[in-house]
Each structure stands twice: as structure tokens, then as C-alpha cells.
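Asks: Residue numbers (my numbering), protein chains in the order written: chain A, 1 to 112; chain B, 1 to 115.
It should be emphasised that the hints constitute simulated quantities derived from the structure, not laboratory data.
In this text, a Cβ means the ideal position worked out from N, Cα and C, and glycines have one as well.
A hint or two may mislead.
Stated by the list, open to error - Computed from the model, here is a short list of chain B residues facing chain A with C-beta under 7 Å:
| # | residue |
| --- | --- |
| 1 | 39 |
| 2 | 42 |
| 3 | 43 |
| 4 | 45 |
| 5 | 48 |
| 6 | 51 |
| 7 | 53 |
| 8 | 56 |
| 9 | 98 |
| 10 | 99 |
| 11 | 103 |
| 12 | 106 |
| 13 | 108 |
| 14 | 112 |
Claimed, not checked - What the simulated footprint calls covered on chain A by chain B, stretch by stretch (three residues with Cβ under 8 Å from a Cβ of chain B suffice, anywhere in the stretch; the number is not a length):
| # | region |
| --- | --- |
| 15 | 40–49 |
| 16 | 72–80 |
| 17 | 103–110 |
What the hints assert, rightly or not - Across the chosen pairs, the derived CB separations fall in these ranges:
| # | chain 1 | residue 1 | chain 2 | residue 2 | range |
| --- | --- | --- | --- | --- | --- |
| 18 | A | 43 | B | 30 | 23 to 33 Å |
| 19 | A | 28 | B | 56 | 17 to 27 Å |
| 20 | A | 84 | B | 108 | 39 to 49 Å |
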Amino acid sequence: AQKITQTQPGMFVQEKEAVTLDCTYDTSDPSYGLFWYKQPSSGEMIFLIYQGSYDQQNATEGRYSLNFQKARKSANLVISASQLGDSAMYFCAITDNNDMRFGAGTRLTVKP
Amino acid sequence: NAGVTQTPKFRVLKTGQSMTLLCAQDMNHEYMYWYRQDPGMGLRLIHYSVGEGTTAKGEVPDGYNVSRLKKQNFLLGLESAAPSQTSVYFCASSYSRTAAPMGYTFGSGTRLTVV
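All chains, full assembly: derive it from the sequences and hints.
Replies: Structure representation (C-alpha cells):
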């Protein structure tokens with residue numbers, strides 16, 4: 001069964017603007033972790049941010065923040081002040097009682 | 001600053017040939033994973049290991065075998081390659097099952113083409 005859903009195959013954003021990448025998940029475990037990874041055109045997987053299911057506050061890492069809405073099973077990634085180097089594939093992932101499962105990804109393109 | 005190293009980085013195989021992908025990590029992680037990445041499907045788990053001498057099936061294990069004889073190495077084998085196994089293969093490792101809070105550490109990937 002699909003555990004992670006990313007409904008936006010592609011997104012465009014103007015340089016210096018903010019963008020939100022959507023992610024919804026499905027799990028019956030009360031304890032789980034949510035992750036976002038960036039994959040630039042060079043192909044490597046770069047860890048961006050983590051949110052635990054019991055964390056009271058939304059996670060933030062520099063220009064990245066996670067809009068965690070537990071009741072809606074939503075974990076959207078917000079990138080503030082977009083830069084040309086943010087153009088990449090972005091993957092949402094979950095670990096619960098199983099191993100890390102990934103969504104299909106969103107391709108973000110930052111326009112100058 | 002090695003982290004997770006995968007070899008080879010590129011390979012072209014003929015249908016029916018066999019090969020082994022090597023993954024090595026120097027972080028003393030217990031958990032290691034093999035994923036494949038196909039367009040529009042994200043990363044899918046092939047096999048994983050929770051420690052030296054252990055292996056288990058993931059979401060898409062058919063056509064692959066794995067071994068973890070040493071803690072730092074995790075091998076992925078294709079006994080008889082098929083065109084459907086054309087993909088980018090990623091190895092990853094972590095110190096815990098939940099991977100909190102730093103996630104998995106990934107290798108740079110192996111691009112395999114089966115003709």
C-alpha cells in the first residue's frame with residue numbers, strides 16, 4: 001500500500017520567493033519519522049529535514065521548514081527565499097514500524 | 001569523509017549476465033539498505049540488513065540476492081539480469097531502524113543498464 005503521496009510531479013517558483021511542496025502519508029503506527037531529501041541533477045540523495053511524530057514544534061533547518069499537521073497526516077516542506085541551486089527533485093519519506101519508504105517525488109524548478 | 005561508497009558507478013549488462021554491486025560504509029552502522037530508483041516511482045526497497053550476517057526482503061526483492069558477511073559491506077547480486085532491472089541503485093546505511101534524526105546516509109548510486 002502506498003504510504004507516501006506527493007501530488008505535485010513538478011513545481012515552478014520564482015527566485016527569492018517561498019514554495020511549499022506537499023506530502024501526505026499513511027501509517028497506523030503512533031511513532032514514526034518524516035524526512036525530506038533533495039536530489040540534484042548530479043544524483044546524490046541529500047538529507048534536508050526530519051520531523052518526529054511526537055515533536056510538538058515544526059522542524060526547521062535554515063531555509064527549510066516542515067509544516068507538520070498530524071491530524072491531516074500531512075508533512076509539507078516549505079523552502080523560503082528560493083535560490084537557483086534549489087532546482088532539484090525532492091522526496092518525502094517515512095519510517096514507522098518498517099523501513100524508510102519514499103514518495104514519487106516533486107521536481108522543483110527555480111526561475112531567475 | 002567517505003560515508004557510503006558504491007562500486008561501480010555505471011555498468012551495462014547483457015540480458016542473462018550476472019553482476020555484484022558493492023556497498024561499503026565506514027560509519028559503523030548496523031543497518032544497511034539497497035534501493036532502486038525508477039522514473040516516477042521514487043525509491044523502492046529491494047533488501048536490507050539489520051546487522052552482520054542478516055538480510056531481509058524489502059518491497060521489490062525478486063531477481064536480487066544480497067549478502068552481509070562483514071558489518072561494513074553489503075553486496076547486491078543480480079544472477080540473471082533482465083531489462084526490467086535497468087535502474088539506478090542506491091545503497092544506504094543508518095545507525096538505527098528509525099534513522100532519527102539524521103536520516104539514512106546514501107551512496108552516490110549505480111546506474112545499471114541491461115540490454
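Asks: Using the nearest Cβ pair, does residue 112 of chain B come within less than 7 Å of chain A?
Replies: violated, 13 Å
Asks: Minimum Cβ distance from residue 56 of chain B to chain A below 7 Å?
Replies: At about 9 Å, which exceeds the 7 Å cut-off, the nearest Cβ of chain A leaves the hint on residue 56 of chain B violated.
Asks: Closer than 8 Å Cβ to Cβ for three or more residues is the test here. Does the region 72–80 of chain A pass it with chain B?
Replies: Violated - the region 72–80 of chain A has 0 residues with a Cβ nearer than 8 Å to chain B, which falls short of three.
Asks: Against chain A, is residue 106 of chain B within 7 Å by beta-carbon distance?
Replies: holds, 4 Å
Asks: Does residue 45 of chain B meet its interface restraint, that is, does its C-beta lie within less than 7 Å of any C-beta in chain A?
Replies: It holds, given that the least Cβ distance between residue 45 of chain B and chain A is near 6 Å, below 7 Å.
Asks: Per the CB criterion, is residue 98 of chain B less than 7 Å away from chain A?
Replies: holds, 5 Å
Asks: Are residue 43 of chain B and chain A close enough, Cβ to Cβ, to be under 7 Å, as the hint says?
Replies: holds, 4 Å
Asks: Hint says 17 to 27 Å; check whether the CB-CB distance for residue 28 of chain A and residue 56 of chain B agrees.
Replies: holds, 21 Å
Asks: The hint names residue 103 of chain B as touching chain A; please verify it with the least Cβ-Cβ distance against 7 Å.
Replies: holds, 4 Å
Asks: Grab the minimum C-beta distance from residue 99 of chain B to chain A and call the hint holds if it beats 7 Å, violated otherwise.
Replies: For residue 99 of chain B, the interface hint holds, since the closest Cβ of chain A sits about 5 Å away, which is under 7 Å.
Asks: Hey, does the residue 42 of chain B contact hint survive, CB to chain A under 7 Å?
Replies: holds, 4 Å
Asks: Residue 51 of chain B was flagged as interface toward chain A. Is the shortest Cβ-Cβ separation under 7 Å?
Replies: Where the cut-off is 7 Å and the nearest Cβ of chain A is about 14 Å from residue 51 of chain B, the hint is violated.
Figure legend: structure checked against the earlier numbered hints; hints not met, in rising order: 1, 6, 7, 8, 14, 16 and 20.
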